[in-house]
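J.: Need the complex rebuilt from these two chains, each delivered in its own frame; the hints are there to steer you.
Line by line, the protein sequences are chains A and B.
Offset between the first sequence (1-based) and the working numbering: plus 12.
Offset between the second sequence (1-based) and the working numbering: plus 730.
Note that these hints are calculated values from the structure, not bench results.
All of these numbers come straight from a predicted model, not from anything done at the bench.
Don't take every hint at face value.
Restricting the straight-line Cα-Cα distance to at most 30 Å, the calculated cross-link-like pairs of lysine-lysine (DSS-like) are [as the list claims (entries may be wrong)]:
| id | chain 1 | residue 1 | chain 2 | residue 2 |
| --- | --- | --- | --- | --- |
| 1 | A | K1305 | A | K1391 |
| 2 | B | K861 | A | K1302 |
| 3 | B | K802 | A | K431 |
| 4 | A | K620 | A | K653 |
| 5 | A | K275 | A | K265 |
| 6 | A | K1208 | B | K819 |
| 7 | B | K810 | A | K431 |
| 8 | A | K747 | A | K431 |
| 9 | A | K294 | A | K257 |
| 10 | A | K1090 | A | K854 |
| 11 | A | K1091 | A | K1110 |
| 12 | A | K1138 | A | K1068 |
| 13 | A | K257 | A | K192 |
| 14 | A | K340 | B | K802 |
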Amino acid sequence: MRTRRNLLTKAGRKKASPVSKAYSSAVKPFPIVGVGASAGGLEAFTQLLKHLPADSGMGFVLVQHLDPDHESALTQILTRVTSIPICEVTNNLRVERNHIYVIPPKTNMAIAQGVLKLQPRKAGPGPQHSIDFFFESLAHDQRESAIGVILSGSATDGTLGMEAIKAEGGVTLAQDESAKYDSMPRSAISAGCVDFVLSPENIAKELARIARHPYVAGKQEPLVQHSSPSEGESDAAESRHNGFKRILLQLRKHSGVDFSLYKSSTIQRRIARRMMLSKIDKPEKYYNFIRGKPNELEALYSDLLISVTGFFRDPAAFEALREKVFPKLIQQPRDEPVRLWVVGCSTGQEAYSLAIALTEFSEKTGRSRKLRIFATDVNESLLQKGRAGLYTKAVLSDMSQERLRRFFVPEDGGYRIAKFLREMVIFAKQNLIGDPPFSRMDFVSCRNVLIYLDQELQQRILPIFHYALRPAGFLFLGQSESIGPLVGDFEIVDKRYKIFSKKVGIRTPLHYSSRQPAEKKEAAIHQVPAAQEVIPSQLSTQREADRVTIGRFAPAGVLINNQLQVLQFRGDTSPFLSQPAGAASFHLLKMAREGLMLPLRGAITKSKKNNELVRREGVRLSHSSGGRLVNFEVVPLKHLKEQCYLIFFEEAKGRGDQFDPPQLEAPARLRSKASVEDPGRVAELEAEIAEMRDYLQSIQEEAEASNEELQASNEEVNSANEELQSVNEELETSKEELESANEELTTINDEMAARNAELNRSNADLNNLHASVNMGIVLLTRDLAIRRFTPMAEKLFNLVATDIGRPLHNVRHNLELEDLEELLNGVIKTGSQREREVKDRKGRWYSLRIRPYRTLENDVDGAVLVLLDISAIKHGEEQVALARDHSEAILRTTGYPLVVLDSDLRVTTANSAFYKTFKVIPGETVGSLIYDLGNGQWDIPKLREFLQDILPSNSSFEDFEVTHDFESIGRRTMLLNGRRLDAGRSDPPSILLAINDITESKQLEAVRLSEIRYRRLFEAAQDGVLIVDPGTLRITDANPFMTQLLGYSREEFLGKELCEIGLFKNRAACEAAFHEVKKKRFYRSDNLRGNTKAGKVKEFEIISNLYDEGDHQVIQCNIRDITERKQSEELLRLAKDQLAHQAGELERTVRERTGHLRNAVQELEAFSYTISHDMRAPLRAMVGFANLTLIEARNKLNPIVQEHMNRIITAGNRLDRLIQDVLSYSRVMQGEIRLVPVDLEAVIQSVVEQYSGFEAHHLDLKIQRPLLQVLGHEASLTQCIANLLSNAVKFIKPGQVPHVSIWTEKRTTPVLSRADARTGERSGPMVRVWFEDQGIGIAPADQSRIFSMFERVHSSQEFEGTGIGLAIMRKAVERMGGKVGLESDIGQGTKFWFELRAVESE
Amino acid sequence: MKKTGPILQVEDDENDVMFLELAMETAGCKIPIQVATDGRQALDYLSGSGDFADPQPHPEPSLVLLDLRLPKVPGLDVLKWIRRQPKLKTVPVIVLTSSEATRDIEDAYQLGADSYIVKPVNPGDLVEIVKYICDTWFNGSRKKPAIPERLNRFIKRPPHKPSVQLT
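In isolation and in its complexed conformation, chain B is listed as follows (with noise of 0.2 Å):
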């Protein structure tokens, strides 16, 4: 299916917001971006309620890219909260965070993510990463790609299959 929503980025580092969208920009991936800077907005946002009541610039998102350490309500909370909403059951939730714990890991599938990414510290990796989500979430088609060798370092696969990791 298709999908015409933007992508919800839920991250108070505007640093980070900065270099996705340009990232979003060298890709050439076109999809627009929402962002919301700390949890309680993200709330409002999928709820359609506070600052966000009017769903004409705020329409609902095809994808959420969900950091975990967010200010006034943890992104893992956030989380639940999606994942108990019949509307949003089926929008993919994508977590990018710096936090690599095992712990994190666990919890966020758990919870229901679809997918579980570390921030990169090289520009040129987050645009490999951009690339990786549009491919996948964005492509159209049910087949998903094969994570790319090079960004085996930063999508962590569920707990159950051990990952490898290359020093």
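In isolation and in its complexed conformation, chain A is listed as follows (with noise of 0.2 Å):
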């Protein structure tokens, strides 16, 4: 329902349909299908030509757009793609099935009844059309046959062409993204206009499908005939005839839209044209087909109700109404706005052309109204589009820059309409059948939409435009649209553009059917051929009427319908009828002349009753008209819509007195009685009916004049609720979108609390890492202020928890350690870390380690220290030389000859003290009993004795002396000991008989027995030991286990210096470090690095140590491999500074995200805050007529309309508090709040002081001094408070006074809450402020939700209110860092508290 464009001139198109239809009965016809490409559109072509079969039935015109310089070679390049004959168009050309036709350069052409015109382009720069100019063409000479396929191509040309071509009902297809420009076809499709989006060899096959189709092969049986369905009539008729039907029922019942008064050819072809589309040959199957497909119904109804519309369609048109009407509608003296009725809008073009000429018009003659133009449609996705305002650049090609600078708003690739321009188009969704129309319209515009509907309905909608016209307002009809029987209503302002204005002072009866309910639109459609039969159309009224009269030999009478109001004079009815003084009126009974008002009355409504005709006769007129006596009749015409009757009335013979008709033979014959009797009387009582007549007549009148007055109240009513209701569903489209925002904004609060659940997990492995590491470990930022540290690290820098972020300097740490700064600094400005080892102020060693702190970008942005205990080492290294001191000391100073004997007292072993001492070689010792050595100089009787004797007896004897002479060393006193030896189980035990010679010292023995000792140790440890000589710093010895460190021999040791077997980098560290030991007897070092002979890197450990020996020194280097330990340590360290880093990652992600929520949530804020103030406007009109019309009309409205224009006014404040409370809660949450202290008793004085209704409800507060002071924001707090009071007065028993107490509390919250860990802040103690009521209290259950948004625990009937302000509450207590909560039972009164942070005194 819309505007139809005309391209073709008017006589042109009207020519054109009965000739092209004689065309297609003499010619078989055949679809004829528009080729548009434009650039890359060669490649398309070829590809769209390969793949069509040459018999394909159809005609195929390719438009390009060509250089208009250039000949074209474009028809010899396809002619080698395909063998369907090609040819270039020339003028005149008749387009035949399985030929190509291609248009030549620097032409339009176009199509009229399948013959090709070619008329010249005109040069000059700007876009082509001439794919728009011939698809147009083809779609109103070709209709349904006509086919368009648009391929690549930049620019918009095409898509008008195709609208116009689906519009007539013809296919419609367009290239996919194949297209090499796709801008062609992507506006075609998104036009919405295009069926089919392929590539162009699937468009090859798809047009051969559709050729064979009936539908486009012009073979398509009518669905139904328009004859009612006869006896003779097939089956198939018959069951297409059924789907048909079946289909417009599901159509109703998906869009409440009756299809069955649509023309029914047009319904027809479209159906016939969604088959061909879905493959669906039968409309049987077709109904089967969409019965629940909600998608293809929809696409069906889109087509039905589809059409070509534009801006300005018809500039002629909007030309004469510029002259005529504009002048009018703008000169009006009302104050009230233009209002403008745009039926069947569609997509709104129209409606905001109207708006576009009119408000250009009020600015060029300076006069500016208010417009308000209502444009209403069946289709609410068309409105959507409308309220929307978006249009592509195609859709405004004709628009003129200085209208597109003025009143559009390019965006998004098209331009959108000006806000102002919007606000003036209200979007409804109106059915013109079964809605009740708008009214007081100043102008209705209803283009082309009758021509879609049947001449039945076309009766039934003109009388509504005249309803909804003010006086003298106007109508606009499309051209070929007429207003019918209505041309006495109207005048005629415009003939050829057909604007009419109403003829001031008539009004017709409006009719309008509601709704009917769905099953019994159910049961009339299935009656619909039967109902067109026996309604005859209400034009044949009057003929009927002429039928009765002429039966009746016309008598003087007069048509009435059903209100009495008369429709036609017929013959002279002067004597009985005459016109009343006053307003003009048709009203038959007001009419009447006297005396015939009551009898006609009582005759009508008995005719009305039983339908049937009623005659009276013999009844008086007054004195005043004569006295005659009439007869008449009232005959109820039958076979009509409406009920209309037929009125004769005729003269009674003669005069009344002698008049005696049989009927009224009892009152005549009183009345002769009377006048006989008393003629005085009779004429005192005929005076008295006569007044009584007129009393009653009068009566009769006023309540006729104030039923009228109510009917056009009620239809006020209803449009007023009307535009309400339009306001109401623009209102909802912004609810939706802010919920939809806030969804988005809702997921990323998920989003965000999982990533802080991840945080908190690593935050808490690194917690645990850092208490259960057994070091001192700080890092720090690059300004050298602390980030974290370890407990360990507590200690030794004296560090507390709020030390985090201060400087390092200011820490008094307990290291000996000056240069800690600047090793730090070194650190961070090289990169490279630092090793030291140092000593607390107790006496401990630690291993200090300094590195950089190096981000994931590996930027340095700190340091990291690390402290490793290393006393016990230090310790245990200080044992172990002690120990070998002492061994080192005894072996030097055992000195005297051992020797070890076996069971069988051979000797096993003996030192070389043994040897060198009694000058006898291994070879003759070992293996020999002790009494053969030396010549059997052992052979002594007494120790024969005790040798014996020790292994049985486990016994053991010292100090034998024995003085004997040696053969080899002459005579020697020696004290010999003897001990049982015990090696292990396995072995036998041997005994160890040690010799003392005496003969020389004491002294000299020990040192020799300490030195084997010592060299058992030495040759036996499991450290490497070097000794050299502090003179040369050359190696004198080498244990073996050197060898194993190194590699190197003991000779390849001996004589070389430390550096050059790579235990010091060079001979000058080297020197340092015994210049070191020489000054301090000891010289440590564990950060060595050497190389073995093999050349593998190791780390060791030295220790050296200073010795006397005699009257020199020695020093003695222990070495030991420490490669592993430093190994785990360095990945220990690396494990640590990952962890760091992820720490500090972690860390900033998290504040990152924060700050992108905390913008996003600002930015809803403001959004609703702006939403909401928006809404208040309308509201406060809505609300403000509402209150207005219950004034104006309170004393003609009946109650019912009363209350309902109350219940609109309550609502609408209901909305304005919610408004205000929504305002109210995001002003809690925007602005910044800096929290000062608060004296809380002012603030609660403040607001008693200020709500003057606490007084009014004896509010008695308690307040328990005194009240602690708290942290807050004082404006913040005014509300809470002013919410719980407030709460207190009204959730009371009705007739309690109110009681409330108040006092403070003080917590101290020692433990850190996770909430408090997760943002740093310390939790201090915190003040909780009590309210107690004694109210009706809140149950357990309710609790839980009292502090959300929104929540009532109460229905609104029993307290008043919109549940934010405790939410309100908790927002504004939240925001200053505290919380709320409650304790209550029913019946028990509540108790709510907040908790804010207390005033500390320093």
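T.: Structure representation (structure tokens):
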């Protein structure tokens, strides 16, 4: 329903249809395919033609944008691709099937009656529109046999043409993303007028398929015969017919629009087209197909209502409006807005065109009037497009630059209507046939809607327009539409462009049927053909009346309708009817001459009731009317939609007194008697009766008048309601947008919560690691502020939790380390690590290691300081060294011979002292009996006795002195010590025999012994030992383990310096180390890296001591392999660094996310604030006007309508409250809050003073002094306290006095809550503020949700309010860093509390 | 002092113009109203230029009711201009607007508004507001009456006095 595009002239179009029909019947019709392309078209054409069968039975016309300056080679190129004959078009060429035609350059091509017409194209820049031009002519010429294809190309040509083809029922295809330049097909697709989007190859296949379908091939049989189905019809037709009806029924169920009254041929064509697209050939099948497929139903519905519309369609008509209509609209003296109604507005172009034209006009004339344009349609999706007001460039291609600039805003590749225009136009869904119309319109535009409706429906709709218009309001119809039988009710303003104005003073009764219930509609549809047959058109009312009148020899009479309005006067009725004084009226009873009214009324009522002819005779007119006797008949007219009556009048024969009709016998006799007996009395009575009649008649008239007024008010209320509804719908749309924005934010919030949880876990891991690592670790920022530390570092640096963020140099540490800061800065600057051993003031040793703190981007962002306690290691080393010294001393002093004997007393070993002392050689000694040694020199009886006794009795002997002449050494005195040696379970025990040559000094003996022990230790030691001469610094001895460590043999060690075997980097380092040894007698380093002989790198620890050895000194170096220890330390440190970096990174991510989230929340708040605010102006108008209506029409409205108006007002007020509270809520959420110490009592006082309502409720307020001071925000606190007090007053049993006590309580929460740990805030002591009331209380089940937005525990009937107060309070308190809660139960009163931070006295 | 001039209502919403007129009628307030439908007109009226050059039908107002969201010249700019004119310094300016934004309230008082009133939805409230305005600025006495409790929601105090709002 909407404006049809008229590209061809009206005359041309009118001629075209019949001729093309004739043509279709002469030549078998075939589809003509228009193919449009521009840039990249050649390739697409080639693809398309390659896959096209030669016998498709279609004609093809290619329209390609061609360069006007060159001959086109297109025809030649395409000939090579396909076997179908191709030719370039010449003028007046008839299109034939299975042929291809190509447009020549520099021309515009059109088609008329199957013949191609060429006309020269105007040269000049600017976009080409040759495709649009051809497609539009194709659409109008070929109707449903037209097929449009858009291939590759830039710009938007073709879109309008495709729309035209689709509107005429043709098929449209466009190339998919395979197009080289896709803006042309995309433009058509986005305009919603394309049926198939395919590649050129598939387009060819689809075309071949379509060509065979009866719809396109022109063989489609009509779904419904125009005459009702007769007996002889075939079953097939019958079933088609049923299918069609069922489809309509389904459609009505879906959309509420009854298409059975639309022009049947159009509807059938459109349904057949959908069937073709869905590849279905029978209506019954299609019906089954669409059942339960809302998508297809919606597509069908849209197709049925399809239309071509545009801005300033038919510019000449707009010119006519500008000349003849606008001046009158604008210059009306009234102050109200000009009201316009655009019926069938589609996507709004017509409505916006009117808005633009009127705005321009009023600007030009300097008279600005407010415009209110109602644009209505039955299709909601079209209305939504109209409301959005966003149009493509193609749609606006004819719009002047001036208008584009003034009335449009460029957006998203198209243009949006400027906001002030959109505000003028209200879009609403309205079904012209079922819904109540708008009223008091200055202008109604209904162009090209009626042409889609059948005659009967048109007759019903035109009176609606008449009703809707103000007196002298304008009606604007389409070119081929007329006002039909209402010609008398309108004046013609412009005959050519169908502009009419409502005649003043004529009021047509309005009939619009309200929507019938669905079952009724179904029944009605099934009866469609029968009903059409029985009810003749309303047009024949007069003819029907004529028929009856002629049958009755045409006595004088009138034709009236059910409302007793005279429709027609027939013959001379003046003896019976007269024009009453006052307002013109055609009401029969008002016109009836005196005396006639009551009988007429009675007769009509009776006729109405029984639907039969009623005759009255001998009715006497009053004296003033001549006192005649009159007969009349009331004849109800049958077979009409509206009940009408014919009334015939005739003069009764003779004068009243003489006439004595049989029906009136008794009264006549009475009357004659009376006249004989008392003529005076009769006259008196007659006068009395006449008075009574006058009185009755006046009452009657009053009743009628008020009835009419009531009806008018009712209609006004209906239309006001309609307007309110449309405003409401727009509000709903905004609300939905808000909700979806909210949804998104919730999602973001959830994501953030998940991330937060992850972060918490990592943080906990890190904390645990820190706590369990027994090392002092301090993380520092670039400017040496403390970022993090472990418990061990706490002790060493005297740190407390608050030191985080403070610079390190502010902290007094326990280390003997003066240059810590320089060290740190060096590390940060160079990015390399430092290491050092340091001692604390208590003397414990630490290995200090400083590494740069690297971010994940490998930037140095501070330093990591690690302290490892190495005191234990140090201590152990010292112990070992001492023990070694001790043994060494013993060894050195043990200088006497020793010999070990087995159980047979044979020598197993003897020490070198033995050999030396007794000057024997091991070869002779080992394995010999002790008694055989030295020629039996040990064969001493006493010794023998001792030795034999040792093993069996496990005894020992000591200091058995033997003085003996030894063969080789002479006489010596020896002290012999013997003892059993248990070497283990498996070996037999042996005997150790120590021989002390006390001949020599005992000391010497001891030295020897010690030497031996030392040697053993030296050789058996699991540390490498090097002995170095302090003078030359060369190695004098090396133990075997040294060989194991470095791979050199002992001989290779000897005489070398330490740097030569790779233990020191160079000689200087070596000398420096030994210098220290010589100075301090001790040197230690665990940072010695050396190479083995094989080249392997190892880490060593070196401990050197200086000893006095008699008169000279030696240096002993103990060397230990600590490679593995170093490696694990390194790994640990790396892991730690990584953890630290990750922690830093996570913290940064959280900070960033929090920032984003905060921004998003702020934007949303600002957004909702604006929306809420802008809602109030329309709300004010709603409530205001409802109020006004109520006041102005108070006495005229019936109580129900008054009640309805009151409900509108109540609802409006409630909405206002809601908006107000939402604003309060968002105000709480906005803005910065600075916490300052607040005196609660002062705040409470100010609340009570400001709100006198508390006094009115006798609020009993008890404050338990003193109230503690809190840290808060005064305005927010005021809000909270006001809400709590107002709740206490509100939620109370009727008749009770509200009591409230307020006190404060100090609460200390020493434990860090998790929230505090996360935010890093310290939680100090809090103050809990209690509000106890004795109100109705809150059930425990409700307590958890009472602080949420819009939660109300009670219905609004019980207690008024919006349910936001406590939510606001909670938000406000939370923003101040506190929390809220309550304790309550039903009937127990409620204790609300909120907690805020206490003001701490420093 | 007795005021004689009309009220100048600066208001672009003609519904609100009508509501005010009705409210004045209902309240029995007989002071004439002049309407400027945008900020430019208001400036023209107050400076006696343009369409308002003739002082006879356009006498100097004794009170200005000012909306904030106005076409052409914003209300706050109009207010700022008025306070700069020596001869208009004493003319009371009451802001009557839909906005409840704290920023608007602060700015209006900062620029010298005498009162800040939020447009009510209920016409009954508007009548009370009109009565309050007439009592406060046209009763001839210096003492200003207290703000009726019913209007607490609508009459916004300067921001340093937190206003109580009940829900």
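J.: Now tell me if each hint is right for this structure.
T.: Here is how each hint holds up against the structure:
At roughly 29 Å between alpha-carbon atoms, A:K1305 and A:K1391 fall within 30 Å of each other, so this suggested pair holds. Of the pairs offered as hints, the one joining B:K861 and A:K1302 holds, with about 28 Å between alpha carbons and a cut-off of 30 Å not exceeded. Simply put, B:K802 and A:K431 have alpha-carbon atoms about 16 Å apart, close enough for the 30 Å limit, and the pair holds. The hinted pair formed by A:K620 and A:K653 meets the criterion: a straight-line CA distance of about 15 Å does not exceed 30 Å.
Taking the CA atoms of A:K275 and A:K265, the gap is about 19 Å. The hint holds against a cut of 30 Å. The straight-line distance between the Cα atoms of A:K1208 and B:K819 is roughly 49 Å, outside the 30 Å bound, and the hint therefore fails. Of the pairs offered as hints, the one joining B:K810 and A:K431 holds, with about 28 Å between alpha carbons and a cut-off of 30 Å not exceeded. A C-alpha spacing of about 19 Å is found between A:K747 and A:K431, which places the hinted pair at or below 30 Å, so the restraint holds.
At most 30 Å may separate the alpha-carbon atoms for a hinted pair to count; A:K294 and A:K257 meet this at roughly 13 Å. Between A:K1090 and A:K854 the alpha-carbon distance is near 26 Å, which keeps this suggested pair within the 30 Å criterion. The suggested pairing of A:K1091 with A:K1110 holds, with an alpha-carbon distance near 28 Å, which does not exceed 30 Å. Between A:K1138 and A:K1068, the direct Cα distance comes to roughly 27 Å. Compliance with the 30 Å bound is thereby established for this hinted pair.
A threshold of 30 Å between alpha carbons decides the hint, and for A:K257 with A:K192 the separation of about 46 Å lies outside it, so the pair is violated. For the hint linking A:K340 to B:K802, the alpha-carbon distance of about 28 Å falls within 30 Å, and the restraint holds.
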